[in-house]
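Chemist: Each chain, written out:
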Amino acid sequence: MYGHHFPEPDARPADGLLDQVEAAEAALRAAAARGRPDVADGAATDTDPQAYFTGLIEADQKIEPRDWMPDAYRRTLIRQIAQHAHSEIIGMQPEGNWISRAPSLKRKAILLAKVQDEAGHGLYLYAAAETLGVTRDELVDLLLAGRQKYSSIFNYPTLSWADVGAIGWLVDGAAIVNQVPLCRCSYGPYARAMIRVCKEESFHQRQGYEILHTLAHGTPAQREMAQDAVDRWWYPSLAMFGPPDGDSTHSQQSMAWKIKRFSNDELRQRFVDMCVQQAEVLGLRIPDPDLRWNAERQAYDFTQPDYAELMRVISGDGPCNRQRAAHRRRAHTDGAWVREAAETYAAKQAARSAERLEVAA
Amino acid sequence: MSDRGGMTDGSTDRRGWPLWEVFVRPRRGLAHSHVGSLHAPDAELALRNARDVYTRRQEGVSIWVVPAAVITASSPDEKDAFFAPAADKVYRHPTFYQVPDGAAHL
Numbered sequence: 001m002y003g004h005h006f007p008e009p010d011a012r013p014a015d016g017l018l019d020q021v022e023a024a025e026a027a028l029r030a031a032a033a034r035g036r037p038d039v040a041d042g043a044a045t046d047t048d049p050q051a052y053f054t055g056l057i058e059a060d061q062k063i064e065p066r067d068w069m070p071d072a073y074r075r076t077l078i079r080q081i082a083q084h085a086h087s088e089i090i091g092m093q094p095e096g097n098w099i100s101r102a103p104s105l106k107r108k109a110i111l112l113a114k115v116q117d118e119a120g121h122g123l124y125l126y127a128a129a130e131t132l133g134v135t136r137d138e139l140v141d142l143l144l145a146g147r148q149k150y151s152s153i154f155n156y157p158t159l160s161w162a163d164v165g166a167i168g169w170l171v172d173g174a175a176i177v178n179q180v181p182l183c184r185c186s187y188g189p190y191a192r193a194m195i196r197v198c199k200e201e202s203f204h205q206r207q208g209y210e211i212l213h214t215l216a217h218g219t220p221a222q223r224e225m226a227q228d229a230v231d232r233w234w235y236p237s238l239a240m241f242g243p244p245d246g247d248s249t250h251s252q253q254s255m256a257w258k259i260k261r262f263s264n265d266e267l268r269q270r271f272v273d274m275c276v277q278q279a280e281v282l283g284l285r286i287p288d289p290d291l292r293w294n295a296e297r298q299a300y301d302f303t304q305p306d307y308a309e310l311m312r313v314i315s316g317d318g319p320c321n322r323q324r325a326a327h328r329r330r331a332h333t334d335g336a337w338v339r340e341a342a343e344t345y346a347a348k349q350a351a352r353s354a355e356r357l358e359v360a361a
Numbered sequence: 362m363s364d365r366g367g368m369t370d371g372s373t374d375r376r377g378w379p380l381w382e383v384f385v386r387p388r389r390g391l392a393h394s395h396v397g398s399l400h401a402p403d404a405e406l407a408l409r410n411a412r413d414v415y416t417r418r419q420e421g422v423s424i425w426v427v428p429a430a431v432i433t434a435s436s437p438d439e440k441d442a443f444f445a446p447a448a449d450k451v452y453r454h455p456t457f458y459q460v461p462d463g464a465a466h467l
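Line by line, the protein sequences give chains A and B.
Following the numbering used here, the numbering of the first sequence begins with 1 at its first residue and continues without gaps.
Following the numbering used here, the numbering of the second sequence begins with 362 at its first residue and continues without gaps.
These aren't lab readings, by the way, just hints derived from the structure by calculation.
No experiment lies behind these values; they were computed from the predicted model shown.
Misleading hints may appear alongside valid ones.
Stated by the list, open to error - Computed list of lysine to aspartate or glutamate pairs in EDC-like fashion (alpha-carbon distance at most 16 Å, straight line):
1) A:K199 with B:E420
2) A:K258 with A:D19
3) A:K348 with B:E405
Stated by the list, open to error - Not close to chain A: a few residues of chain B, all C-beta gaps over 10 Å, as computed:
4) R389
5) L399
6) W425
7) V427
8) T433
9) Y458
10) P461
Where a beta carbon is used, it is the ideal one built from N, C-alpha and C, also for glycine.
For reference, chain A alone in the conformation it holds in the complex (with noise of 0.2 Å):
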């Protein structure tokens, strides 16, 4: 999409990721087109703002930053953006752990510029949280003091390279699924992040597909390895979806509110059925014993992941939950002096600059 220097995928799927993100994209220039049936923009609206607001979201007409909206609405958004921008942020030191080992230069140039989009992914929730009247500092203090979630999933180790592969495949794959419909969210700012988040992802899907492939068609001991981190990888991936419909405590309200547009579970199925055909072609076995095709769901039947462990990593009791936080807030106190010397550099230049122009006049 961003010109003639990237090789067109001819070959992909017409139900491909990116053309559901480009399906997405066309929904939110058409319904910026269509308007509000009922009233046109410009029109006097001296209707109540709760009418005037559930009518946009009936209407699939974006809310817009300073648009009257619910106070609970807000906060929702607050809270999943929030958490979405601190998993990017925290995202980043699974695969970071193997940078300095990737076995190759461009393998290494690769992961480099993945945990790079993940810390520009961070900056552009943080930047569409910053847009319902918080400040990103705010948001990274929570972060940094325990108060505030992130992902589940990133508070597992990779022991090998085979996991940043399973990570690009299994985990960038889930984060995708869940994250194409939020390009159809009905907060304009959340959801032009989306838009772009998701076309920078499936890159990173892609490149960790080739890592297992590449492993899973080499020596028996990387084949091993390839099977390992996707025996690892798999149930914790299923996780990432919450906790089954029947529990998910935000999940109605979120959907009226069309922020979310599928539930959990329906998420869930349509990662597992995607995921089985692609095992296949990497020859990797998915570690579920009861997967199997079911005809009369047109779905394959799967073992649920382990719901109370993942209650467990999400309170705090994961294998890395610890590590992540205080590797996190290391690198805030290192960079202080960053953040310090920058500005004042800043009011010295503009200190300057001031002078040069009393001078001058």
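Could you slot chain B onto chain A? The hints should help.
Modeler: Relative to the frame of chain A, chain B by itself:
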């Protein structure tokens, strides 16, 4: 991503790094358009960060950064008063006029 344009709260964070809005010209011949925002201590760093954050994949040939605090925006709440004058002037659109049959190049 952020188009709070002109919204005063949040334009400067507690530690004093102002918020900048970023505009990118994707290709020669196209106008700059808003792509997002970022915090930076000064214009030069804002520009460098904008390059790293918003043009990692050759999305642009030119970048503007503008301090969010200096943008003055109309408010959606005022759209009635502010944009109303255009509503009853349909004669500003070419489709308002009936072209007699046979008139070419109009």
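Chemist: Work down the list of hints and note, for each, if the structure agrees.
Modeler: Structure-based check of all given hints:
1. At roughly 13 Å between alpha-carbon atoms, A:K199 and B:E420 fall within 16 Å of each other, so this suggested pair holds.
2. For the given pair, A:K258 sits about 21 Å from A:D19 by alpha-carbon distance, which is inconsistent with the 16 Å threshold.
3. In summary, the hint linking A:K348 to B:E405 is supported, as the alpha carbons are separated by about 14 Å, within the 16 Å threshold.
4. The Cβ of B:R389 lies farther than 10 Å from every Cβ of chain A, with a closest approach of about 12 Å, so its non-interface assignment holds.
5. Separation of B:L399 from chain A is inadequate, the least Cβ-Cβ distance of about 6 Å not exceeding the 10 Å criterion.
6. With a closest Cβ-Cβ approach of about 16 Å to chain A, B:W425 is found to remain outside the 10 Å limit, as its non-interface label requires.
7. Non-interface status of B:V427 relative to chain A is upheld: no Cβ of that chain comes within 10 Å, the nearest being about 14 Å off.
8. Every CB of chain A lies more than 10 Å from the CB of B:T433, the least distance being 13 Å, so the non-interface label holds.
9. Distance check for B:Y458 against chain A: the nearest CB is about 22 Å away, which clears 10 Å, and the non-interface claim stands.
10. At roughly 31 Å from the closest C-beta of chain A, the C-beta of B:P461 stays outside 10 Å, upholding its exclusion from the interface.
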